[in-house]
Amino acid sequence: MKNIIKLLIATIFSSLLYVSCNLEENPPYLTESSVYTSVDGASTALNGVFNPLTDHFYYGHDYHVVNAYMSGMFAAKVGRDRYTIGALRPTPTINYLTKFWEFSYKSIGRANDMIVNVAEDSGDAELDNILGITYFLRAHVYLNLVRLYGGVPLRVLPTTPETLHQPRASVEDVYALIIADCEKAKSLMKGPGEQSGGKPGKYAANMLLAKTYMTLAGNNSSSPYWQKAYDEAIQVYGMYSLVNNYDDLFSSENTANNNSESIFEIQFNPEVKSKIGRIFTPNAAYAGPGWERVRALPEVVDAHAARYPNDPRYNSTFRDQYNKFGNGALLKVYPARARSNFNVAYTYINKYFIKDQSIKSDATNYNFVQLRYGDLLLMLAEIENELNGPTSAYQYVNEVLTRARNSGNGVTEPANWFGLNQDEFRAAIMKEYHFELLGEGQDFFVGHRRGYDFFKVNYIDVHNARIDRGFDPVFPDDQSVMLIPIPGVEIDTNREITAADQNPGY
Amino acid sequence: MKKILYIILFLVPLSFLAQTTLKGKVIDDAKFPLPGASIIIKGSTKGEMTNFDGNFTITIPKTPATLVVRFLGYITKEVIITDQTSITIELKPNAEQLDEIVVIGYGSSAKKDLTGAITEVKETASVAAQYNTVGSLLQGRSSGLLVSSNTGSPGAPTSIRIRGANSLRGNNEPLYVIDGVIISSAGEDVINASRNANDSQQTQNGLTGINPRDIESMVVLKDASATAIYGSRGANGVILITTKKGKQGKAVINVFGSSTIINVNNTIPVLNALDYAQYRNESAIINGIDIPYSINGTDVYAIDSAGDPVGDPLRQVNWQDEIFRAGLSKNMGLNISGATEKSNYYLSATFNDTEGILPATFLTNSNLQFNYSNNLTDKLKIDTRVGLYLGRGNMSQGTSISGGSRSFARQLISYNPLVDGEIEDDEDFTNPFKFTENFEEKINEKRLNASVNLTYKINDAFKYQIRAGSNFRTKDRSRWYGAETFQGKENNSLLALSSLEKTSYTFDNLLLYTKRFENSHRLNATVGVTYDGSDSKNEIYEISDFAINNLREQSPQLGGVVVTPFSKLRFKENIFSYLGRFTYTIKNKYMFNASFRADKSSKFQGANQTGYFPAVSLGWTASNEKFLTASKLVSNLKFRASWGQVGNQAINPYQTLNLYDTSLYSDDSGSTVVGVAPLNISNPDLTWETTTQLNAGFDLSLWNGRLSTSFDIYQKETTDLLINTPIPTSSGFTNFLKNQGGLQNQGIDISFDGLIVEKDNFSFSLGGNISFNKSKIQDLEALPASDIWIDGQLVSTPYYLGSNVSSGNNFKAPANAFIQGQEVGLFWGYKTNGIYQDQPAADTGPTHGNTPNLAGDVAYVDVDGDGFITSADRTNIGNPNPDFTYGINAKLKYKNFGLSMLFNGVEGNDIVNGNLLIEGNAEGTTRNIRQDTYLDAWSLANPTGAYPRVGSQSATTRPTDRLVEDGSYFRLNNITLSYDLNLEKESFIQGIRLYASGNNVFTITDYSGYDPELTSFLYNGTIIGVDWGGSPNVSSYVIGANIKF
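Going down the list, the protein sequences come from chains A and B. FYI, the numbering for the first sequence is 1 to 506, going by this note's numbering. FYI, the numbering for the second sequence is 507 to 1551, going by this note's numbering.
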């Protein structure tokens, strides 16, 4: 009897020793060692860094909305936005700027993971290139962040349980990182002709750096940053070329995507979706669901028409009527119609307007070009004017204007510039950015980088003076318009950021 | 009288002559002495008791005499004494008393030996059959349980919390053990395939596969001494379910059927179409735009650009009346059971067809249960249990996190009540009718629960038991958004497919020891080793842009654009354990119990893998002491005390590792390229949550069990809480899982049962239970202290906030705060002080940044006094935790009629009704609102209005105390009237029972939403007590019959 019990116990315990070895986890997931050990793995990880930038909450949608509304040049259709962020009064809980923040850092986090895991001295040209692009992307995300939110938490390493909470860094520190990252990117990235898959070439880093220095130069003509900006921008000069017809930048996927003018472009396809078309297209204009979230304020439209009558870019940029999908009824808005109520008072942006009425969803191939050569030429013109006056600056802006003029059929505007003094040139070039690039995600930065006084005079005052209807949003007149608030969620969860650290006015 | 006297006189001397002294001993069937047994000479009042050794001496006045020997729990025996002088009397245990065996973890125990806090729930088959889930059957029937169940849609889930939330993670569901097999699927479902962050998946009942009708008993293990044997999975309490078996005798066949009608029991009072038109017009005038409607008497017309009415009057629709329907359900089945000396069987088959209150929603399921046991030899017994479940259905939409046009529940209330022409022809694709036509959520589930249990009797003391059990579950869900829903239009139809295949298994090796020693010492011991685990395979896929729409979920291949690539996700987890329990009972008076479990889990690393979970408990049956044995009043009095530690490890596997997931990008040719990205911040230091629980209580029965009551007081402390805290999104992630902090629960459970009247034809019994629980977050020391306002005081304390309720703009904020020293999940938001009645008042109030206040806006309280309303002004505005929960049941029997009623209720909890952000603000959008919101809105003419002015957005996004409502309710959960038709014993049909029943017959509550029982964020520990697009509850009425052959 006792033997039986002993035998039983022995059996049980020995069987248990066997199974107890089986308690280690072997998850069917990728780990660091399976990702970063090859060029292919690192290349896939780079796609992972790009991924958040394609999201609805970044270039897929939110970036455009935040940038446009806060630029003071566009009206918001949605009721809840109309008199909040659409009137330069965002609240810290608004979805757009909350999720934009989250996805910015998602991309930064993935970039940090790559930077830690891929050695800079691998000796492999492709690994270097991947690492370079990663530095470029990180710098670019931080540059968007610092210009929109001010000083933000500076995260350069993968987050660990010990580094969950980080305070806001100073604006200077963020710029220092952007400059350092761009320098690394310049040295590691391949040239534009050597890249594949629509990835940016190394001059994108020069251009980004030029933009950074211009922002740092602000409204100060004697700032040494203008020279630094010039040194970067001039390296890009001649490396890309303007497309012949301005309208080709937007009219079809074939000419808009990855053309000779594109310097940094986010690739979209029907699976990696962009909602940019919906942002600018009304629901009735095509089979799919349009949102028409962003429409131009009347002073913006009027200014373009007044400056360059018959500018071919005007019709590429604005649209004041469309045929309803289905019954074809013609619907008109300002300026084709009087501004009698909110719905007809603001002009559509034609650049990303969905022209193929049969599209049922937002499954298109349209990419988003964040940096293009036309912008670079205007930057060079502005920088040269600040450094040495207009004399050598005309050449750059006139390249842009000539292309614009040649895009039309025998038109004389926009005519080449001449005979301006430095101040006149500066005023004109700051407007020219909008005539060339309106709605392309640069408007906020153009209007804000020269500081509050510049923004107040050229945007707030202009708009508030133009108001002629009760439903027009009134812009506030204080420093709060310079930055958007740090998301409430970040303040709630981040132990290193309190309500006292919030941007002024929020 | 005289005669009697003579007889006595005559007898006395006779008996004196025959007087003998008898020495005897009373023993039980195991030959052990029974102390305290009573020996009475039949026909006299003379009696003796056995002493400590079971011996007695009695003087017998006359032989032959009959001795009556009684001992509680044994069959009374009569012995005829002729000329013996010594005798040994053996008593056999009473089989009926043996029924008082209660199933406990890894074994069973006599009820009288229990020392833990355990409640057993039994319900008749006809009542049980009216409950869809095991959990809802427990509602109101046991103390210490908070059951949340909303039967508004078929397949809706139930949540049970035993003695408060034990953890701050979402899923605090108890462990279910069905016939010895561990089932941990209460909150489990397929993985949501949808990438769209705005749509959460409807939570569904994860505890399918067991038909309440087949349940013999349910045992709720509440304190640590009862649950510690389940070690790292016992912290939330354990519910042991035993299915039925056959009873000795010839085969019994039961055939049953019932029909149920369900109706929505509450609707939201929104503006009727006419008031709505007026509201919209007023709002248009305020905003300086053209009015949308022309009103002529009771007709409303659309307006053309010149401002003139066009066409026919608009159709006026009450969407809730239009959409909700009465659902009809059918239930039928049969069971066959019986037993012989050696074997025992129970076979049951049921079929259930339930219709929901929304068109096209239904759930059809069938259960098959087969239980069989057989004594193969004298020593070897086999017990097998097999349950099979098949279910398929079409469900309603879950909570839409966005709460806007994507949400059916939202649209049903807020959709424009004015339609041009037929509802079917309405051009707007978010119309609720279109939604019901274009939305499908198909489910298909199969489940097999099987166990084999072999018991080998080694000798009288030792038994060896081996059990192999498996639970195999497959579930497919497909969610279809056709082109006329909001989601479908965005994507040209959208289909999300998910499937789950999960195998859980249990291997138990148990050695059981039962031994009685002299002087009534009993020792029971169980030692064992177990190995269990699960392997779950999940597949998800989402596709859109359908070339042809009408095949819906049947043809995903017609979709052109992949939204979520086909993905396989696999999770494996294992636990290996040693366990043991020792119970020592002395003289049926003193009980000592100790148990122990050591668990080694695959989810943790290194030294953290192993956890030890001890428990001890003591019991004293005072009523078996001499001073109470004679008491006519007290029939049972037992004091109990216990201490123990249990664990919790219910997190996903692989959390201690750095993982990467795929994420997509495109190349310049428009082809999708695959990317990878880190999935989490790994935490290699993760370990168990440990709950230490103290329990003390007593059981008291009076008047021979006519009144019994049970009282328990407990304290639980959980340390190393596993909290998936929201972290700054600047970390690149949104949540991080970490052991941090402690939680305390204290409470009292009381239950009573009284048999008030017991007569041949009439009986009435009343029972009830009430449970109080108070939780407190003890420490969150891992977080630094921050300054926050609580009850008007500035306090420096660690805290964190819950998740945002919505991804849309109306409630994009957390509703709950988890603050050290406070109860769990206090509502966190802004205090308000009515409406600014005039502009001077508005001008003096604190502002939101640079936005000025207007008369008719909500007046916020500037808690920190800085003149502005900022996030720092948030404070505690309510408490989602109830003061107490209770249930009352009454059973009445008169002749062949039976009436049973069950009431249950919750008292003292608050609900944040997030829907009021929309329904309670006359914002002036096209959304319909509640009647009072518009009719009692502030205006110059109505400066004392309770609601903000038309057009005010002052309280549409933030959680304020305006949303906080009392969530208490009292409900008639079930009332069943039955009639038993008794037929001739020899007839073919032996009996017929007819019954009629009502569920959720009435609810008394002040809550203004659909229903105070919320299921929206049921398994989400960071959103508690928030109603956001909740679904209505239903009342159901059943008629049915059981026929016994």
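If you're looking for bench data, these hints aren't it; they were derived computationally from the structure. It cannot be assumed that every hint is accurate.
Partial pick of chain A residues on the chain B-facing surface, computed with a CB cut under 10 Å [as the list claims (entries may be wrong)]:
| hint | residue |
| --- | --- |
| 1 | Leu46 |
| 2 | Asp81 |
| 3 | Pro92 |
| 4 | Asn95 |
| 5 | Gln166 |
| 6 | Ser170 |
| 7 | Glu183 |
| 8 | Lys199 |
| 9 | Ile266 |
| 10 | Phe418 |
| 11 | Leu420 |
| 12 | Gln422 |
| 13 | Asp423 |
| 14 | Glu424 |
| 15 | Thr498 |
For glycine and all other residues, C-beta sits at the position ideal for the given N, C-alpha and C.
Cross-check of the supplied hints:
no.: 1; hint: Leu46; result: 7 Å, holds
no.: 2; hint: Asp81; result: 9 Å, holds
no.: 3; hint: Pro92; result: 7 Å, holds
no.: 4; hint: Asn95; result: 6 Å, holds
no.: 5; hint: Gln166; result: 6 Å, holds
no.: 6; hint: Ser170; result: 15 Å, violated
no.: 7; hint: Glu183; result: 24 Å, violated
no.: 8; hint: Lys199; result: 8 Å, holds
no.: 9; hint: Ile266; result: 9 Å, holds
no.: 10; hint: Phe418; result: 39 Å, violated
no.: 11; hint: Leu420; result: 38 Å, violated
no.: 12; hint: Gln422; result: 36 Å, violated
no.: 13; hint: Asp423; result: 32 Å, violated
no.: 14; hint: Glu424; result: 35 Å, violated
no.: 15; hint: Thr498; result: 7 Å, holds
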